Amino acid sequence: MYGWIWRHLPGNAWVKALLSLVLALAVVYVLFQYVFPWAEPLLPFNDVTVDNQ
Amino acid sequence: MRVRLVVRTLSELCITVGAVIVLFVVYVLFWTGVKADDVMGEQIDQLQEQWSKGSVEQPKGTGGSQSSASPSAPAPYKKDKPFAIMYIPRLGFTWNKPVLEGTGVGTLKKGLGHYARTAQLGQEGNFSVAGHRRTYGDPFKDFPKLRRGDAVVLTDGTTWFTYRIDKGPYKTVPTDVEVIDPVPRKSGYQRSGRYLTLTTCDPEWGHSHRLIVWAHLDSTQPVEAGKPEALRR
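The listed protein sequences derive, respectively, from chains A and B.
Mapping of the first sequence onto our numbering: residues 1 to 53, in sequence order.
Mapping of the second sequence onto our numbering: residues 1001 to 1233, in sequence order.
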């Protein structure tokens, strides 16, 4: 999987490394900004009320 | 060759899932706190700005009541908006959190939440507030340390309200809506009065139970009179 991505990135090894880093950061950003805020309420830490609103 | 590809892809997937789980833990333990501190600070700034303006011109919003010792019924709180700041010296001398109207998931990310159908601050009835035990700044992390006689101080910009805890922490089940009744039966209060209820979850990271404390309104004073005694060091 990662080998496939590496082979399909353009440029020499340095450019590839830089692009991989950018891609990784983008993934982390999407996770923190969209995926985790969606997933977190599914865990029980949010249930602090007695009427379950 | 085929087998090698399958094994490699599978291991890469496992490593990826592991990394995502670690990131998620970082998000829950650390990042929600960073975000919440930020947002809560913003809410408090917003309130203080509103109040500082209110003291000059007569506002028609939350600060509408006169700054006399006996507060008249304030205007209804706006959903999802902050209207008071809570101080609990037992949870830390610098512990202060904004109180917002409503107990929705989104509201509780920004501060403590006031149960919309319960009494208003300082009014006859039961002013009830919910807050996170863990995550989002851990506002009620030390909830079990609360004891009888502890002060819960709130201000709405015109008046300081000092509540004194009478009972708690009391452990109950999530469906026990009675605890935020105007006169909660298990609190030991007999007649109607000006009460305060705080609720959070128990155990710390779970949701099987709730922890409750009850308090009664001990004293009020206008903000001009300075901080109430409970907040003085």
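These are calculated hints, taken from the structure and not from any lab test.
It is possible that some hints are incorrect.
Facing chain A, from chain B, some residues (calculated, C-beta under 7 Å) [said to hold, decoys possible]:
| id | residue |
| --- | --- |
| 1 | R1134 |
| 2 | T1200 |
| 3 | H1209 |
| 4 | R1210 |
Chain B residues, not near chain A, derived (Cβ > 12 Å throughout) [as the list claims (entries may be wrong)]:
| id | residue |
| --- | --- |
| 5 | V1003 |
| 6 | L1108 |
| 7 | E1178 |
Covered stretches of chain B, as calculated for chain A (at least 3 residues, CB under 8 Å) [what the hints assert, rightly or not]:
| id | segment |
| --- | --- |
| 8 | 1007-1015 |
| 9 | 1019-1031 |
| 10 | 1082-1090 |
| 11 | 1147-1159 |
A quick note: this is a predicted structure, and the numbers were derived from the prediction, not measured.
For glycine and all other residues, C-beta sits at the position ideal for the given N, C-alpha and C.
Here is how each hint holds up against the structure:
Nearest Cβ of chain A to the Cβ of B/R1134: about 6 Å, under the 7 Å cut. The hint holds. Because the beta carbon of B/T1200 sits about 5 Å from the nearest beta carbon in chain A, less than 7 Å, this interface hint is met. Interface hint at B/H1209: violated, since its Cβ lies 10 Å from the closest Cβ of chain A, which is beyond the 7 Å cut-off. Checking B/R1210 against chain A: minimum C-beta separation of about 6 Å stays under 7 Å; hint holds.
No beta-carbon of chain A comes within 12 Å of the beta-carbon of B/V1003; the shortest separation is about 16 Å. With a minimum CB-CB distance of about 7 Å to chain A, B/L1108 fails to clear the 12 Å threshold, and the non-interface call is violated. A beta-carbon of chain A is positioned within 12 Å of the beta-carbon of B/E1178; the least distance is around 8 Å. Figure legend: the segment 1007-1015 of chain B, annotated as covered by chain A; annotation consistent (4 residues with Cβ-Cβ distances under 8 Å, at least 3 required).
Evaluation of the coverage hint for the segment 1019-1031 of chain B: fulfilled, as 6 residues show C-beta separations to chain A shorter than 8 Å, against a requirement of three. With 0 residues carrying a beta carbon less than 8 Å from a beta carbon of chain A, the segment 1082-1090 of chain B misses the three-residue requirement, and the given coverage is violated. Note: the segment 1147-1159 of chain B has 0 residues with beta-carbon separation from chain A under 8 Å; the three-residue rule is not met and the coverage is violated.
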